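Participant: Sequence:
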Amino acid sequence: MAKTALILLCLALASCTTTQQRLTAASKAKGEAQAQTTLPSLPEACTALVERVYPKLGEKVRWTQKRWEITAENRDQLAKDCGSWWEEYRTRVTK
1 MAKTALILLC LALASCTTTQ QRLTAASKAK GEAQAQTTLP SLPEACTALV ERVYPKLGEK
61 VRWTQKRWEI TAENRDQLAK DCGSWWEEYR TRVTK
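The letter at position 63 of the sequence shown is residue 63 when you use UniProt numbering, and the numbering goes up by one with no holes.
Careful, some of the hints might be misleading.
As the list claims (entries may be wrong) - Derived pair list, reagent style PhoX-like, types lysine-lysine, alpha-carbon separation capped at 25 Å:
# : residue 1 : residue 2
1 : K95       : K30
2 : K80       : K60
3 : K56       : K66
Claimed, not checked - Now the in silico label distances, taken between C-beta atoms and shown as ranges:
# : residue 1 : residue 2 : range
4 : W85       : Q34       : 22 to 30 Å
5 : K66       : T94       : 51 to 59 Å
6 : A29       : K66       : 58 to 66 Å
Since the hints were derived computationally from the structure, they do not count as laboratory data. Fair warning: this is a prediction, and the values are worked out from it, not measured in the lab. A virtual CB, placed ideally from N, CA and C, is assigned to each residue, including glycine.
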């Protein structure tokens with residue numbers, strides 16, 4: 001009788017260990033699934049193209065050039081903003 005009780009107790013404890021291991025593995029898998037990061041869509045600043053500058057009728061060449069410089073500077077600033085945003089995002093995600 002004592003042997004049977006001892007065997008049943010050992011089986012019960014052994015099954016608890018297996019259940020605990022399964023719970024631990026399931027918790028780990030669930031945590032990993034929740035921790036996966038999906039990257040957001042890139043902001044428009046990262047995908048915008050440089051605006052085209054076309055000469056206007058009667059406009060001096062230096063003004064056309066100046067308009068082009070302004071659009072290029074604007075696009076460069078957008079790219080810098082995008083780069084800093086993306087770097088900040090990566091830093092937050094990896095912490």
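Participant: Against which earlier hints does the structure fall short, listed by number upward?
Facilitator: The structure conflicts with hints 2, 5, although it agrees with all the remaining ones.
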